[in-house]
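Assembly of the complex is requested from the two constituent chains, each provided in isolation within its own frame, with the hints serving as guidance.
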Amino acid sequence: MATWDETAKVLVEHADADWEGIWTLTYAAGRATDDLCVVVPMADAVELTYAAMDLCQAREELEWVRPDLPARCPAVTVGPPDPVDADVARDAIARLITAALARTEALLSCDLDLAELACLTRITTQLHSARRTVHGTAGRATTNRGRS
Amino acid sequence: MNATYGGLLAAAADAVADANLAVGRRRFDSQLDAAQALVDYHGLLDALAGHTWVLLTPEQAAGVRASQGPHRVEVAAIAMAETIGKVTGSGHPHPALHTEPVTSWARAARCLRAAGDLLATHHNPGHGPRSPDADILDDPDVRAGALTRLAHLTVTLLDAEDTLALRTLQTGLHPATVRRALPGLTHIADLACTTTSLDTAEPAAPRDAAGPASDAATGLARLDNLGLVTPPIRTDHPITELTDRYTRVRLHAWQLLENPDYSMTTLRDLAVLGVATHAHTAALHGADLTHPDATNRQLKPLLDRARAWQELHHTLTSLITAGPGDVVVREDLIAITRILQTLAPITTATTSGRGRTAPLDRPLAEALNGAVATMTDIAGWSSLTLDRLPPPPPVHVPGRVLTGEQVTDRPDLATARLTGHLAPAPDENRRAVTATYQTLRTHPFQPNSPAHAPDPGIDHAADARVITRAAQSGAR
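Chains A and B, in that order, are what the protein sequence lines are.
Just add 1306 to wherever you are in the first sequence, counting from 1, and you've got the working numbering.
Just add 5 to wherever you are in the second sequence, counting from 1, and you've got the working numbering.
If we strip away everything but chain B, and leave its shape as in the complex, we get (with noise of 0.2 Å):
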């Protein structure tokens, strides 16, 4: 399987409270194994404090030691990581990573490392991001969250100071060695419990009451569910498969951003996409697509997006430009909706009328469910990849396909139509695309979503941002 942040958090805490659990019941067999036991316990330290680290830059680090109101938690836990700093000493790499881990907090340990791994895969060398989750970690609450959780494991593993000194005392190691390696670490558990008993959000304000913690808790899952930015594909499990297959599509049109292909093909496949993925959703959940006023009224919003992603792709396919498509996508594309069919036929596990009949297949509908978030995601994209086309704009339609309409006053158009040449897409054609993905960029069952095409006077601010990001990635 593929490891996720989560889960290596996760795997970590499980070795910490296996190796506590350890100590605790048994005696060492040796001298050897109880300095082993003392190395990686200092191991895991280091990876507490190293960790810390990685969820809190050290530009970060200093603006909040420069803040006259920093965050609490990332106070403490600057505080914490520091502390544990002099304890473990300053030498890297840390002794405890010569060996292969054999005690379980070496394990936990590697765990730990492995996890700031993971989320360094999200930036290049410049902390710029390579992957459209890459600021997640730039959300205060969210990363008060991932302190805190560091800092409920550095109280566990310091639970075990007192027991780990008893047991190698037991084997005979000298006092002095023992209790240089475990002085007395009261001083950092004492930190790391003033940093787990700070709120993690902010006071929010009376009108909006659950909004910050809710959205600390979203941004939390959505770091526990983030993988390596170019997971290998898993085709174990058509489930798994489509997951990650889904996972590769939205990465690479994210970084059509700032490294646009000039290409509608791979707009118009990531529209086919959009068609496939909610039509197989609303049939999954027991749509009846057969007849077009059959609509199970609470799936209308899935099948209502379907149909604007297929005007999308009908509006695409006029427009020509000179690049070719994204292969990667096109290959993904296949795959989805080859699994798709197997998985969430139109026609069948329906009776008219009357609903699903078949029971839901869980895993298949959460997959699902987030391939349309996925799918929003794409929308907001999509329609900045086409408006950051420089000018001169680069796409066209045939001559021959312009209306009366459009070439009147157009000196230029009406010579395409008459020689049949390209001509530059008529404006109307780009704020048609435009305007439908504003549509789609919004989840479709958000409670505000628009019922119709918003203006084009859209959130700029936050495209503003998606756009310096995706271009400090291309700036690597």
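The following block holds chain A by itself, in its conformation from the complex (with noise of 0.2 Å):
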């Protein structure tokens, strides 16, 4: 089975740098961020849960621009969840956020109109705060469940 990892490289690989690639990659990093909250210490989780809570909001700022986008995009997630590595997982989940922030760094320069201008500044706001807390909260607490 693959890793986080190598899925995140896929999908930002593979993603466009369009409003379905930045949706399918703020999907996958939040499915990613919930799942991970579930097997690390209660330290961690709680600062991954606001995370998550960020990631969802963003992609549902996507939603009111795009309605369509669920339907559309591929809800693609990295896996079930490994605990063995947590700090591999939250790369894997930051490879994803910074992926998403380029392409929306991308479509700012496309011809938009205001309430999609509007969506990407507010999308951007938020998914640097997810990024920032899935950083943040590496190594606080005693990751890696299966390590001794």
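Hints in this document: simulated from the structure, not taken from any laboratory.
By construction, the Cβ of each residue, glycine as well, lies at the ideal position given by its N, Cα and C atoms.
Be aware that a few hints might be false.
Stated by the list, open to error - Not everything, but these chain A residues come out facing chain B in the computed CB check (under 7 Å): (1) Asp1340; (2) Pro1347; (3) Met1348; (4) Ala1349; (5) Thr1355; (6) Met1359; (7) Cys1362; (8) Pro1376; (9) Ala1377; (10) Ala1381; (11) Cys1416.
Claimed, not checked - For each label pair, taking beta carbons as the anchor points, the in silico distance ranges come out as: (12) A:Val1394 - B:Leu348: 32 to 40 Å; (13) B:Asp140 - A:Leu1423: 45 to 53 Å; (14) B:His296 - A:Asp1374: 44 to 52 Å.
Unchecked claim - Over 10 Å on every C-beta distance to chain B, these chain A residues come out as not near it, computed from the model: (15) Val1344; (16) Val1352; (17) Gln1363; (18) Pro1386; (19) Glu1411; (20) Asp1417; (21) Thr1427.
Below, the structure written as structure tokens:
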């Protein structure tokens, strides 16, 4: 079975630099963060829940501007959570968020109406917040439950 | 500070004691002062009678009069209020209300009337509920307790009648005037004494001797803590801000019952709040959250709750609805989590395996313990909110996340999985959410708290009452 890291790399490589690509990356990052919450110690899980909330909100912002996105875009997840190496999982999530941010930035240079522009600014803030949280909690708790 | 019902009643009692003391110790300076004192004394009597009709609505009073076995406290309180009404007259507003309060009796009357207004904010003009606490006076024992306190206040006030008569006569006021204002109110005092001498709780069954009394005490405490329905958020101190914001979130979660926003976002935000509340409360009490298995046994229920809220959030994330979230809940959630991170950080003040090292911040602990109870209420209401989303179910999942097992024998779901379109959320997803809510709707430290998710056959009668109350709210 592919690891989160490998799946994230594939997603980042294949996601387009458009609304669909951002939605797919944000969805995958959100689900991965939510999955990771369940297996890490509570000290990390609380912060990661905040990140998952931000990612959820970012995805919903996209769906307000483009309501057809959930029906059209591949709702891909990175697979079941791997509790052995939470740091790697965190890196994979950060990679997905970074890729979504890059595509958001690229989209900003396209022809957009005001609603789309407002949406992109909001999701940029939320993605930044989520990425900061995902990185910020790294190493605060004793992660990697499987290790001695 | 935000006023509470108990605070206003205590202020009224203090003011009455002050006024009684003052009139006993010194003469009035002038006839004008004496006249003002007489007016204010009557004004307070009028306020006491008026507050009785706040605690006991006209409909309830009619029920008591018609009942074959009425609550004895209520019967005595009605008699007391009606007798006071005959003395103070039926003209409204009472003449004492035309002037600014000068004496402490007038201040007491103002506090009492404010307490009545505060209770009134919890109901709409049709006496339907506007808040989850509107039902507090539906409990006859709580009502009786509140009426008894009012009778105590009346007895205290009437203790000063003779002294007041003496002082007013000393200023040279006409004796007929004094006699008209203070004709001898002993009969009212007798009725008030009757009210206070009666037990507030009905006889208890032998197997549950402490039950009704303790329930009444809990209810009275809840009544005393009652504030305005929509108090301003106080930001001068983080703990008061925390309390105010939890109160507002609680109100909004309750209002979703009648005015559902068809949004998973709000339910998800509430789930995040559940995670944060329980985890930070456990951390405050010294739980070591950095190791999965190093939890203090006493605090385990809190962490189990945090995990349950987290699983709920996980399940809700996969559900899609059309409605936007409640922005107030979101704003409060962000503010609360920021405060919790500062006041009850998860990774400090503990020594691994040895619990809390810093002294416990008791006001904060009190606020967070209240927050845990609030989240328990919210879980029950959120479950009902989800159940009440009208058919056809407006809850969807992306077709591609459906499993093979879920689409078996369901051509519509199979099509959604193949095409990637949205599909109605399978029943098992909704059942999973409901089951988790049922676990969360009991307090983590309640002795008979179920150790596992109970069956869906929950207390439907209680649910129906909640829904009915909320529906009345919507009918305002």
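Each hint tested on the structure:
no., hint, in the structure
1, Asp1340, "5 Å, holds"
2, Pro1347, "5 Å, holds"
3, Met1348, "4 Å, holds"
4, Ala1349, "4 Å, holds"
5, Thr1355, "5 Å, holds"
6, Met1359, "5 Å, holds"
7, Cys1362, "6 Å, holds"
8, Pro1376, "5 Å, holds"
9, Ala1377, "5 Å, holds"
10, Ala1381, "4 Å, holds"
11, Cys1416, "24 Å, violated"
12, A:Val1394 - B:Leu348: 32 to 40 Å, "33 Å, holds"
13, B:Asp140 - A:Leu1423: 45 to 53 Å, "48 Å, holds"
14, B:His296 - A:Asp1374: 44 to 52 Å, "45 Å, holds"
15, Val1344, "6 Å, violated"
16, Val1352, "5 Å, violated"
17, Gln1363, "7 Å, violated"
18, Pro1386, "12 Å, holds"
19, Glu1411, "25 Å, holds"
20, Asp1417, "27 Å, holds"
21, Thr1427, "17 Å, holds"
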